[in-house]
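Chains A and R: place on chain S using the hints.
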Amino acid sequence: MDTIGFDIAHLLSGGMLVLSLLLLFQTRIIAVINVFALQAIVLALSVAWQAYLQQAPHLMVTAAIALIVKGLIIPFALQRIVRRLDIHREVETVIAAGPTMLAGLALVALSILLLQPSEGSVLTREDLAFALAVILLGLLMMITRRNAVTQIIGFMSLENGLILAATGSRGMPLVVEISVAFSILIAFVVFGIFVFRIRERFDTVDVAAIDRFRGERREHL
Amino acid sequence: MPAVAGLACVAALFAIGLVAVAIGRSRAGTTVVYGASLLVSAIVLLFALTHLILASPPASVTLPLGLPWIGAHFRIDALAAFFLIIVNLGGAIASIYALGYGAHEASPLRVLPFYPAFLGAMNLVVLADDAFVFLLSWEFMSLVSWGMVVAHHRVAANVRAGYIYLVMASFGTLCLFLAFGVLAGTGGQYSFAAMRAGQLTPALALIAGTLTLIGAGSKAGIVPLHVWLPLAHPAAPGHVSALLSGVMTKVGVYGFIRVVFDLIGEPTPYAGLIVAAIGGITAALGVLYALMQHDLKRLLAYHTVENIGIIFIGLGLALAFRANGIEWAAALALAAALFHVFNHSVFKSLLFFGAGSVLMATGERDMEHLGGLIHRMPHTAFAFLIGCMAISALPPLNGFVSEWLTFQAILVSPQLPQWGLKLVIPAVGALLALSAALAAACFVKAFGVTFLGRARSNAAQAAHEVDQFQRVAMFVLVTLCILAGIFPGFVIDALAPVTRALVGGTMPQQAFLPWLSVVPIVASRSSYNGLLILLFLVGSATLTAAIIHRFATRATRRSPIWDCGFPLASPVAQYTSSSFAMPIRRVFGASVFRVREQLDMPPPGAMRAGHFQVRVFDPAWFAIYGPIARSVRSTGIFLNRIQFLTIRSYLTLVFGALVVLLLVVAAWR
Amino acid sequence: MALILELAGQALQMAIVVVIAPLLVGISRKVKARLLRRIGPPVLQPYFDIWKLMHKEMVLAHNASWIYRVAPYVVFAVTWVAAALVPTYCTNLLFSWSADLIVIVALMGTARFALALAGMDVGTAFGGIGASREMLIASLAEPAMLLIVFTIALVAGTTQLSTIAELFTHSPVGLRVSLGLGLLALVCVAIAENARIPIDNPATHLELTMVHEAMVLEYSGRHLAMIEAAAALKLVLYFSLIICLFFPFGIATFDRSLGALLIGVMAYLVKMVVLAVLLPIGETSVAKMRVFRYPIFLGSAFAAAALAVFLLFVSRGF
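Chains as they are written, first to last, in the numbering used here: chain S, 1 to 221; chain A, 222 to 890; chain R, 891 to 1208.
No lab work stands behind these hints, which were simulated from the structure alone.
Treat the hints loosely; a few may be bogus.
As the list claims (entries may be wrong) - If you want the footprint, here are the derived chain S segments under chain R, 3+ residues with CB under 8 Å:
1. 18 to 29
2. 103 to 109
3. 155 to 163
Claimed, not checked - The calculated label-pair distances, taken between Cβ atoms and stated as ranges, are:
4. A:Y846 - S:L53: 52 to 60 Å
5. A:Q636 - S:L139: 18 to 26 Å
6. A:R851 - S:L139: 35 to 43 Å
7. A:G847 - S:R80: 16 to 24 Å
8. S:I143 - A:A722: 30 to 38 Å
9. S:I143 - A:R854: 48 to 56 Å
10. R:L895 - A:G486: 55 to 63 Å
11. A:F838 - S:L139: 54 to 62 Å
What you are looking at is a predicted structure, and each value in this text was computed from that prediction instead of being measured.
A virtual CB, placed ideally from N, CA and C, is assigned to each residue, including glycine.
For reference, chain S alone in the conformation it holds in the complex:
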C-alpha cells in the first residue's frame, strides 16, 4: 500500500472521529446539525477514497448516497424542523460537558485497545478502530442528550460509523448499503413523525417529558 493513500485514508477517517467528538462539544442545536452534515461529507470523501483505493466503483454509489442524503437532505430537513418547531436552541445535556468529554476520550481509547491487536492490513485495522469509536461516540451522544433532535443526530452519527466500518473491510455488497441507507431514511422519517407527535401532544421535544407521562421519573428534571 502506498503511503500517501494510507495517509489520506487516515486523515479522512481520523477527521470523522474528530467531528464525532466535536458533536459532543456543541452547545447549540443548529451547530450540532452543521457538524453532523460536515461529518457526512467527510464520510462521503472517505468512502470515495476507499472506492479509489480498492478499485471498487460501487462504493462510489455509497459515497454519493452519504453525500446527498446525509450531507444535504437530512441536515436541511432537520434545520427546518428545528426552525418550524421553534425548539429550544441550546442542547440539553444529562451529564456535564467535562465528564462527557472524558468519557468520549476513554471510549476512543477503548476502541483502539480492542481493535489494535486484530489481524489484517494496517488500513483495515485503523478504519475499524475509528469506526468503532465513531459508533460508540454516537451511542454516548444518544444517552447524554435530552432533546429528540440531538438523539436522532447521535443515531445517524452512529450509522456513519457503521458505513465507515463496512467500507473499510474490502467491499460490502451494494444491496446491503442501499438497505442500510433506506433503513436510516425510514428511521429518520419515523423519528420525524415522532418529534411532531411529541410536539403536538406534550408541547415539548424533551424525551424526559414522555418518561414523566409513563410515570418513570417522579423527581424534578
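Chains A and R alone, transformed into the frame defined by chain S:
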C-alpha cells in the same frame, strides 16, 4: 557501613529515649535529648552516605534475638542505605529544629521519650532483613509516632486523629503480615534472603503485591487509604509533623519497594499499570483536597498525599518497564521516583518547619487568620517560599528535576508492547501535569494567604521571627533544595547502585557530562541543565535590573493601596484561602468532592447578617469508610447477643465450630 | 573563536526575541484596530509605552514587600530566558540543549508563580481574583500541554526543540491529522496562557472577568514596564514555539553559512508577523467567555491533544 554500626546507633537512639523519661522534665533535658538525637542521626547519615556513594557490597548481620532458632537478621544494601539517608537526614535536621522548637513544648515528657525511639524504629525498619524484625519495628514505629500524635491530648480532634491513625496503622500492619505470610510460603521462611530465593506462582505474587500495596500504601498515604494522614500529621508538634510527613511516609514507600521490587520475583506489566494509575489518581486527588484546606498544616499533609502519588507513578512505570525487560527505562523511572522521595523529604520537612514556626509565632494554623507575615518573619518567609517553589516543581529547584525525570519516563511508555499500558500511561501523564499545575496553585495560595497581604488577626500582627535553631534547620533544607536542583546529576549517579540492584539497569552516568547537564537517555532526546538555567536567570535578571536602574527614573512614592480607586480598608476584604480556591472548587467540585454550600441570605429589609458556609467532604469517608464503620457497628450489635447465652448454647457454638472446621479440613484434602 | 561565534549566535537570539516583542504587540493591536474600523496606535507604540513607563514615578503600596518589587524582574528574566531557548532562526545554538520543551513550559510556570504571588502581595481583592484565576487557567492548560508534548515526542522521538525542528525540516512526516490536532491544542493553550480573547481581554482594566490585568493592577512605573515587556515576550515565546514545532521551514539547521542564517532570520520574522496578524483576526471573530466556560475551552484543547496521541498510536501501529 557494617550493619552492626547501624544497629549500635539504633540502640543508642532507644537508650536516649529511655534517658529522656528520666530527664525530660528539666529545661536542659530537651537540649540533651535533641542534641544526642542529632549526633546519632548525623553519624548514621554519614555511614549511609559513604555506603551509597562508594557502592559498597551489601553487609548483613544476624543477632541471636527475637524468635528462637531464627534470630534477627539485619542487612544494609544500596536501597537500605538510600532510605537510611532519607530517615537520618530528616531526623538530624528535625533535631536541629527541635532544639529551638521543642523548648516551647508545654509538656515535653509527652514528646521527648518518643522522639528518639521513633527515629530508631524507622532506622530499624530499613535495616530489617527478616519479616519478623520488619513487622515488629514497623509496628513499633507506628506506636511511638501515635504517642506523639496524641501528645496534645487535651484537644479532642487530636485524640480522634490518634484513634483513626491507630486503626489504620493496625490494618496496614495486618496486610503486611499477610503479605509476608504469602511470601514465606508453607516452609515458613522468615528471612528476606529465603523469600528472595523462593519462586511464587503469578497468582500468589499478585496477592502478595496487592497486600503490600495496601499495607505499605496505607502508611505512605495512597488514595483511598490516606484518610488518617491529614488528621494525624498536623496534630503532632512541628518537628514531628515534618518527620511523619517527610520521612515516615517514605518508610512506607521503602516497604513497598522492598517487597515488590526485591522480594517478589518478576512483576507482570499490568501490575505496573495498576500502581501507576493509583499513583496518578492519588496525585490529582491529593492536591485537589489540599487546595480545599485552610488549615496550613493540614494543607501540607494533604499535599504529602499528592507527592506520594508522584512517587508511585514512577514506581509503577519502573515495574512496567522492568516486566518488559526495558532496563534503562525502568532505571529512569525508578531513579525519578527515588529522587522524588529525597526531594519530598527535603521540602516537605522545610514546609512543615515553616508551618511550625508560624504556629509558634502566632498560635494560628488557620490561614484565614494569618497574612502579612513576610514583614514580621522575613527569614521564615523566605525559606517557606523556596519550599513552596520547590514543591510546585518550578525550575531550577529540585522538585522540578524529579518530576521532569518522571515525565521523561512517561514519554518512553510508547515503547511498551502492551496496548493497555500505551493508552493509559499518557492519561497518567496528564494527571501528573494536572497535579503539578494544581500544586503551584495550592502553594501560591498557601504562601500568598499566610505570608503576603495584610494581617487578618492581632496574632498575625504581633508575630515575631523564630529563634536561630529553627532558622538554621530551615536554611539547611533551603540549601539542599537549591543544590539538588542545580546539581541533580550527582544525586542520579548516587542512585545508580539502587537501580542496578532492583531493576538491573542504571541511567547513563551524569557526573562528567559537559556543563553538568542531566541526560536521562541520550542527549538528542532530552536534556536539562539546572545550573545553566539558574545562571541565565540570575544573569538576565541582573542585566535587566541594571539597565532599568540606569535608564529609568528612580522616583518612588509610597502610598495607600489603589485597588481601582476603591480600596476596602479592612484586611478581611482581602482574598482569602477559600475564595482563592473557589474557581477550582467550582470546576472540579461536582466530580471530585462533595461540596455543600449553604447560603442564608436575609430578605431585603431584615437586619440580621447573611451567612455563607462551604463544607468540603473527602469522598473517601462516605464512599468507603462510612459503610465499613456502619457494617462493623451492625455486626457488633449482632454479635453482642452472643454475650448473654446459656452454657448449653455456648457449647453448641463450640461444637458447631469444631465440626465446621473438620469439614473444611476434610474438603481441603 | 568558534566558541565566541557560538556565544554570539546565542546572544543574537536573546536580542531578537526581546527586540521584536513589543513590535508584535504593536502589529496585532494595529490590525485589530483596523478590523474594528479604527485607525489604531502606531505600530511602534508599545516601545514608546515602555519607555514612557520607565520614566514615570513608581507608586508602591505601604505594605508592599520585597516580593512585589522583585517579581517584575523575575517574571521578565524567566520569560526572556525561556523565549531565548526556543530555536528561532537557527537550531542547535550553544545552550539550546540546556532546556527541552518540558523545561520551557515549566519555566513559564515559574514566571506565573512569581506574578501570582505579586498579585497577592498587597492584599487587594483584585490581585487575589487575578491570581486565583490565573492558576486555574494554568492548571487546566497544563494537562493539554503535556499531551501536546507527548504527541510531538511520539512523532519526533525527542523533546529537544532543536532536534524536532531539524527533523521536521528535513524529513517529511507526511499528512498527519494528529499534528493538526496538536497545533489546534497548542493554539488554544497559547491563547489561554497569553490572556487573549476568548479567555481574557488584554485591553481592559475595568471588567470583572479580567485575569492578567487584575493581577498587575497595583503596578506602575518601571515595574509595569517590565511586566508589559514580559507579557509581550511571552507572546513571542508561544509564537516561536508554534513556529518551531509546526512550521520550522527556513530555519538554519546544519548549514551554518551566513546566507542560511540570514534566510533563517528572515523566515522567522515573516512567520512571526503572519502570526501577529492572524491573532487579532481570531480575536475579533469570537466573544469573551465567562470564567466558568474556561474548562470547556481548555478541555477541548485537552481532547484534541489526547485524540492526537490516540491517532498517532493507531497510525503508527507500533
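- Item | Violated hints, by number in ascending order, as checked against the structure | Hints 3, 5, 7, 8, 9 and 11 not satisfied by this model.
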